Each structure stands twice: as C-alpha cells, then as structure tokens.
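Chain B: place on chain A using the hints.
One line per chain: the protein sequences are A and B, in this order.
No gaps in the numbering here: position 93 of the first sequence is 93 in this note's numbering, and each next residue is one more.
No gaps in the numbering here: position 95 of the second sequence is 95 in this note's numbering, and each next residue is one more.
Source of the hints: derived by calculation from the structure; they are not laboratory data.
All of these numbers come straight from a predicted model, not from anything done at the bench.
We put the CB at the ideal spot given by N, CA and C, even for glycine.
Hints may be right or wrong, so weigh each one.
Claimed, not checked - Estimated spans, in silico, between C-beta atoms of each pair:
#, chain 1, residue 1, chain 2, residue 2, range
1, B, Tyr95, A, Gly16, 35 to 41 angstroms
2, A, Phe69, B, Leu11, 41 to 47 angstroms
3, A, Ser27, B, Ser12, 36 to 42 angstroms
4, A, Phe69, B, Asn96, 23 to 29 angstroms
5, B, Glu3, A, Leu83, 25 to 31 angstroms
6, B, Pro14, A, Leu83, 37 to 43 angstroms
7, B, Asn22, A, Gln44, 19 to 25 angstroms
Listed below are the residues making up each chain.
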Amino acid sequence: KAGVTQTPRYLIKTRGQQVTLSCSPISGHRSVSWYQQTPGQGLQFLFEYFSETQRNKGNFPGRFSGRQFSNSRSEMNVSTLELGDSALYLCASSLAGVDEQFFGPGTRLTVL
Amino acid sequence: KQEVTQIPAALSVPEGENLVLNCSFTDSAIYNLQWFRQDPGKGLTSLLLIQSSQREQTSGRLNASLDKSSGRSTLYIAASQPGDSATYLCAVPDYNTNAGKSTFGDGTTLTVKP
Numbered sequence: 001k002a003g004v005t006q007t008p009r010y011l012i013k014t015r016g017q018q019v020t021l022s023c024s025p026i027s028g029h030r031s032v033s034w035y036q037q038t039p040g041q042g043l044q045f046l047f048e049y050f051s052e053t054q055r056n057k058g059n060f061p062g063r064f065s066g067r068q069f070s071n072s073r074s075e076m077n078v079s080t081l082e083l084g085d086s087a088l089y090l091c092a093s094s095l096a097g098v099d100e101q102f103f104g105p106g107t108r109l110t111v112l
Numbered sequence: 001k002q003e004v005t006q007i008p009a010a011l012s013v014p015e016g017e018n019l020v021l022n023c024s025f026t027d028s029a030i031y032n033l034q035w036f037r038q039d040p041g042k043g044l045t046s047l048l049l050i051q052s053s054q055r056e057q058t059s060g061r062l063n064a065s066l067d068k069s070s071g072r073s074t075l076y077i078a079a080s081q082p083g084d085s086a087t088y089l090c091a092v093p094d095y096n097t098n099a100g101k102s103t104f105g106d107g108t109t110l111t112v113k114p
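Okay, chain A solo, but in the shape it has when bound:
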C-alpha cells in the first residue's frame, strides 16, 4: 500500500510570490490535515479536509488556503509569501480524521 506523498519536496521562493503544495493520501483515506513545522513553534495545525469539505481551520492568516479533490488529493496554497512562511509543511492522512494518522515526507519551503 503506497504511503502519503507530497510534492514538491523542496521549494525556494521570494517574498511576495505564491506557492502551491500537493498531498496525495493513502488510498481509501478521506481526511487530509496540513501542518506547518518550524523550530520555534513546533507543529501547528493549518486545516483539515474531508470529502472535499474543510472541516477545521487553525489560526493562520487568510493567505493560507487549501482544497481537496474528489480523489482525496489535497493542495494548499500560500499567497504573498513572507520570510516567516519558511517551514516544513506536512500533510497527514487518515480514514476519518480522529484515527491513526500517517504523514508524508513534507515539503521544505524556503522564502528569500
């Protein structure tokens, strides 16, 4: 069974640009959660999608958005990038959102 995949693995952007990250969950999993990980803040919850609906959202500005497609693949978008957006972005998939979570390898975003 294939694990969670995330693309791209690494990104370098400049301030003001926008970026789109992709996450493909484990087959059969309908919940995809996104987290931002930084050395100072640890793992911070961004949002969760289930069956194409955003069910939960963390405390991040509106520049952070996401969506989920009918095949459960999810994308997150960050507009008007700031230096502080540099982080490891992780997605997790699970069957329903409160059961065992499986994480992808992450996307390392560097904003210059």
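Quick look at chain B alone, frame taken from chain A:
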C-alpha cells in the same frame, strides 16, 4: 484547549540502555494518543497508537502506556540502539471538533551513543 507537554526536551543515553519518554496532556477526554518518530528534516513516522480504552500497546522494542485519568503517556524503549536517535513526538486528536486536528508536544530529542 488541549495542551501537550513532553519532558525531557532532550535525552542522551549509551547504547543498550532502556529508557522512558514522557507525554502529558491536560484534557483527559481523548479518542487516542499517537507516538511518532521524526528524523531531521523528514516527515513523521507513526510508532504506536493507543486507543482511549487501552492501557498499553507494544511493537517490538517499543511499549506505550496510557493513563487517561492522570493525563499521561509513556513510551518505553528497550535496549536502545544508535538507530533509535531521533525526535519522538506524541499527539492527541482534538476531541471537541472531531475533525482532523491533533495537538502535538514539542518532542523529546533522543541521542543514543555507540
């Protein structure tokens, strides 16, 4: 609001030692608790999931316990090896929103010296 704390933040042991990592949470209303391992710059690898009705769970050299009433979980690693060096995180799904959000501890960084 659920808060998760992990102590110690870092731990260094010689190879072969048995060790215990601690995880505390403030709200005992939980579905489960999950332990992860993270290598530098990588994603999280699931180690063990303990359901709220369970007291412990075992996988190989790892044993995790859960005491909901005291808000504590421990991860016991037997006969540690240098390959066990990593950061270990515990996570608790949010009980109230029922929707894909987990609160994580800051992790314990383990170094096992040969």
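Verification of the hints:
Checked against the hint of 35 to 41 angstroms, the C-beta distance between Tyr95/B and Gly16/A comes to roughly 39 angstroms, which is consistent with it. Taking the beta carbon of each, Phe69/A and Leu11/B are about 42 angstroms apart, inside 41 to 47 angstroms as hinted. With their beta carbons about 40 angstroms apart, Ser27/A and Ser12/B fall inside the hinted range of 36 to 42 angstroms. Between Phe69/A and Asn96/B the CB atoms are about 28 angstroms apart, so this pair conforms to the stated range of 23 to 29 angstroms.
Distance hint for Glu3/B and Leu83/A: a CB-CB separation of about 28 angstroms, consistent with the stated range 25 to 31 angstroms. Checked against the given bound of 37 to 43 angstroms, the beta carbons of Pro14/B and Leu83/A, roughly 41 angstroms apart, stay inside it. A beta carbon spacing of about 22 angstroms between Asn22/B and Gln44/A agrees with the range 19 to 25 angstroms that was offered as a hint.
The earlier numbered hints are all upheld by this structure, with none contradicted.
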